[in-house]
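Based on these hints, arrange chains C and V on the given structure of chain A.
Chains as they are written, first to last, in the working numbering: chain A, 1 to 319; chain C, 1001 to 1446; chain V, 2001 to 2349.
Read the hints as simulated data drawn from the structure, not as lab findings. All the given hints hold, so there is nothing to weed out.
With a straight-line cut-off of 25 Å between C-alpha atoms, the simulated BS3-like cross-links for lysine-lysine are: (1) 63(A) with 1293(C); (2) 1293(C) with 1262(C); (3) 1173(C) with 63(A); (4) 1275(C) with 63(A); (5) 1293(C) with 1275(C).
Bear in mind that the values here come from a model prediction, so they are computed numbers and not experimental data.
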Amino acid sequence: MTTATPTVGTGVQPAAPLTRAARVRKRLNSRTATIVSIVLALLWTIPTFGLFVSSFRPENQIKTTGWWTFFRDPQFTFQNYQDVLFSSGSSGQLASYFINSLAITIPSVLFPIAFASLAAYALAWINFRGRDWLYIGIFALQIVPLQMALVPLLRFFSTGVTIAGVQVLPAWDLVDEQKFAQVWFAHTCFALPFAVYLLHNFISQLPGDLMEAARVDGATHPKIFRTIVLPLITPALAAIGIFQFLWVWNDLLVALIFAGGGDETAPLTVRLAELAGTRGNEWQRLTAGAFVSIVVPLIVFLSLQRYFVRGLLAGSVKG
Amino acid sequence: MAFARSRQALAVTGVLGLALGVAACGTGNDKKSDKAGSAECAAYEKYQGHDGKKVSIYSSIRDIEDERLQQSWKEFEDCTGIEIDHEGSGEFEAQLPVRVDGGNAPDIAFIPQPGLLKRFVDSGKLKPASADTKAMAEQNYSPDWLKYSTVNGQFYGAPLGSNVKSFVWYSPKTFKEKGWSVPTTWQELIDLSDKIAASGTKPWCAGIESGDATGWPATDWIEDVLLRTGGPEVYDKWTTHGIPFNDPQVATAVNQAGTILKNEKYVNGGFGGVKSIATTSFQEAGAPVLTGKCALHRQASFYANQWAKGTKVAEDGDVFAFYFPAIDPAKGKPVLGGGEFVAAFADRPEIQAVQTYLASGEYANSRAKIGDWVSANKKLDINNVPNPVDKLSVGILQDEKTVFRFDGSDLMPAAVGAGTFWKGMVAWINGKDTTTVLNDIEGSWK
Amino acid sequence: MEFDFAAEQPKFLMLMYGLIAFVAVVGGLLLLLDVVPTWFARRREAQLVAVAAGGGPAPRRRKPREGAFAFFFLLPTLLLLTVGLVIPAVRTTLLSFMDSGSTEWVGLDNYAWMFAEDSIVRVLLNTLVWVLLVPLLASAFGLIYAVLVDKARFESAAKSLIFLPMAISFVGAAIIWKFVYAYRGDGQEQIGLLNQIVVSLGGEPKQWLLDSPLNTLLLIVIMIWIQAGFAMVVLSAAIKAIPADIIEAARLDGTTAWQMFWRITMPSIRPALIVVVVTISIATLKVFDIVRTATNGNYDTSVIANEMYNQAFRYGENGQGSALAVFLFVLVLPLVIYQIRNLRKQREG
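Okay, chain A solo, but in the shape it has when bound (with noise of 0.2 Å):
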């Protein structure tokens, strides 16, 4: 975290011009630099972090001094963490949220790389009439709203699929966690374009002299696709991963409406946004319930960085 030197790799990248590269930089390594990102970086933390020495001052401490006195006039309480993680008698609740959180987040991150890699490869690297009007296509259907989305394939869920009066798919009729196939679903549907946009842009630069090479020796395209594509999108997929994993871990919409509210189903932000809302503005709460929510996220940011950095870095230039 700390390294002075730029680890980060360069994806597909050999490893030889990368160290003369850095070899290069070094010497443009200049103090103004330095001191001036390390100052921006500082500015861009300060609300952040303001909220971060908040979530441990006293309540009334909150609502009429600034988090900045603190360092002043130091009052430090647990009782925030306390209220949003062990509140109204609920112990362990919390608990059951995170497990609720992790169930929702892990299928949705996987379905989503999965089937847009697919997607992706074959609207690259496979020959078909209109493929490049499909791409177009998913691509402008990362506007649609996702909130005029959630009536109709909420009723796909709770009524099937009637054409003409015949039921051609029925309802899912789900219970309690079974509920969380629903949400693996729309969080499905509703990454997809992003996901294809981003690898296909990827996918298309991968070098066609590759590919060439493995058709003549008389591939297939989902040999290639294991044996050649796979293992050189990685990083990239890792890079989405964590996008994904990001917006399912914070979404609340979705899970509101798929997941309902209940502790079977619903994940950390729906609780959250239970405890913050339910008696308003208190700031004690919502800072401590903000910090709960982010740790998550952050801990699997920091340690997947790397492959995030090299990811979208081997995608936007042609290898």
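Frame of chain A; chains C and V shown alone:
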């Protein structure tokens, strides 16, 4: 004991038949009503016969209130075997239509807006209440209340909880120290305000920020004042669009409210000037009453829950409320309030049993005993209400002289009552003049 | 903290089912595509052998098989998109020509309403401001920072801090900033950082979110704060990928840092920049939670997505809400056209 057992046997065999009865007596893993025949369950006899059935309820009640709610019908569940699955959400108003349109409606919803209830009736989603529920509701609630859940002559559900909005919160302690007395007429209220203002303290504090519902506390102000200046008839015409929203009588009321709310001498104690009302959250708006930075805060009975922990809410305590005085005594004792209605999207018998039960006096008393709850239910025994403010509210609601009117913004179409009216009030506080604001709102009412 | 593990078991079971389903669907699809064609290939080989033995012309059946592959690769995506997005989009478009209860056709009334109502026109203008400023400023900041940090020490720590807001939900971010913009009356102790700064500089505290158009800009700051990290990470990665020999050659030629940036850095990172701008633009068009949490669209700060939600879900005005959604589709057209041109160029090149 023997009596109870034989009753149990009777009930079980009578209702479910011998074969099922045997199964129920066994160690069923289902949530069965094994207490069904015990003495404490006698009161629930008429609701029995739906053992093992589930009823889902959706409402905006959550957190501690939610737990109290669940506790309040626990005995009913145990005795009838009906499992009530309650879900509360802060997004209730927006999510309910989505769920209903998506074919995923709850069995019962506690709807706090008659306007929203009417919308569901118009789209044919709500089921009329059963004859039993209707009879129970008519027994326990005044016609004033029932008309709000009656659409085109059909009755759709009884009221549940209620609140009284015509309250001004104050600190009995401070009043005693300063020698102020609780005003009982409008003139006394203004005189007191002037007196406090002259002493260098801004007498009133207010806040209308409330997340995506910002503005509603100001609409309550207007409604409360209109009910006093115009009287209940004008008020009824206004809420049903019988007179335009920008009728001169309404403008008078808004301006009258403005003599307090937009008076820099009067507001906003503890926060700043008039404009700070718009950004002060309604939850913290009353807090300066405790510190003496403000003396008067007009807000509903449920504001009792907003005071900081350890605050004594009582006539001789840290804070208490007095009735927002009438302006014209000839027009009676107008009271503005709100509440929620138990409406059903399905008509299975167990749902109707729950609806009937929630309309009963037994339920009202059971819930009231747990605390922090007010209802207009006539069977509610005031001695079962622990909290002094709630006692005061119940007293007002049960008072024969009270002219009760429902919160007008909840009666109007949502686009107005939860849209342009709220937004208009925010703009009004933020400096827009009365006429423009009222014209804008009228223009949005189609 | 007591914790009943048994009660959680069904969830883990469900999660396991989900993972099994994942492996079955994806693995099954790949396996199917692998095995079936091989089987066909064998048969054709046999056929070829037979044909060769018979001396007839070899059958060429390559094209249709390509299409079949594409079909199966795209099948899950297309099915899900149809159910989850295409049908809703079509439905929304239809609803936009109907009344509030979606029972009668009203033609273009909802669109006329959109442009006639002052407050809605304001919403459209606000959205325009958002979609012009956010991608531009967020990308610019991200780019500058990426260039800067490239030469700095503590690079990865600094980058993590800039990226941090991305991990916070929009609602969380809006709460954080509401805290920054908080106001207490003159003479009282401020709890909002911005007002504290103003006061300590001798100014008077302000209610930042009340005054238009400053308030819209302050909300835009929140979005930039979130998105700049994304731009920075992508662009920084792109900069690092510029081959070292190019940089070295340029340095030997004596190019200044300024020239270097415009002649070498910019052209090299162009594809990355496009991804960034497009992605941020779309995210900005759909921005909803920030405005809703911070002001709920009061004081002339509303944007299309927020107004659409209010109209369709809170006010029960399905027609008007849908019309606003359709207008969002229209706003994204320039991006679509640009994307088409890009794709053409790529295919030709």
